[in-house]
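Visitor: Residue 119 in the numbering used here sits at position 105 of the sequence shown, with consecutive numbering throughout.
Don't read these hints as lab results, they were simulated from the structure.
Since this is a predicted model, take the numbers as computed values, not measurements.
Beta carbons: idealized from backbone N, C-alpha and C, even for Gly.
A few of these clues could be false.
Said to hold, decoys possible - Derived Cβ-Cβ restraints for the label pairs, each shown as a range:
| hint | residue 1 | residue 2 | range |
| --- | --- | --- | --- |
| 1 | Arg34 | Ala157 | 14 to 24 Å |
| 2 | Gln40 | Pro186 | 21 to 31 Å |
| 3 | Val89 | Thr44 | 14 to 24 Å |
| 4 | Thr152 | Gly181 | 15 to 25 Å |
| 5 | Ala43 | Ala153 | 17 to 27 Å |
| 6 | Met93 | Lys196 | 33 to 43 Å |
| 7 | Ala183 | Tyr69 | 19 to 29 Å |
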Amino acid sequence: MSLLIRAQDSALIVIDMQERLVPAMQAPATTLRNTRHLITAARELEVPVLLTEQYPKGLGRTVREIAEVAEGMPVLEKMHFSCMEDEVFAHAFQTLDRRQAVIAGMEAHICVVQTAASLMESGCEVFVVSDATASRTTASEHACIERLSAEGAGIVTTEMVLFEWMGKAGTPSFKRLLHLIK
């Protein structure tokens, strides 16, 4: 596994940040803000982004705060808890031809864990963004992070991802993204 997340090697997966899920999460404002930063940086740095919606008929669509920064990016409906068990998502991810997956989403202990595990089983390097991932309880969030860390996933923060994707200061992209960090 690579120790660093490289923009040219990774894809961002945003899991199930939906209207009926978000209000029930621990610290949803922080999770949404950090996910917005990740999507903004991914767009700037040409990192592909896939968003998912778990049973949108029941859980609603992606929340406005995320949908507005992700405009034009693929939003894939699913019924499986692991995104990789869904044929449409699996095909979309494989088509990207990226060896690293950076994951943000809800709920950490269900869809994030299962997606990360499936990706790791397929040989993908997985990085879970702890401050852009949430569950209804902190115990569930911690269980997700502890389990995936023990299995070899990288546990990172939003700023870690942004700085690793950028790689160096002083570039035009760095200057355009600096406001996300300040």
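Visitor: Checking against the hints above, which ones are violated?
Guide: 2, 4, 7
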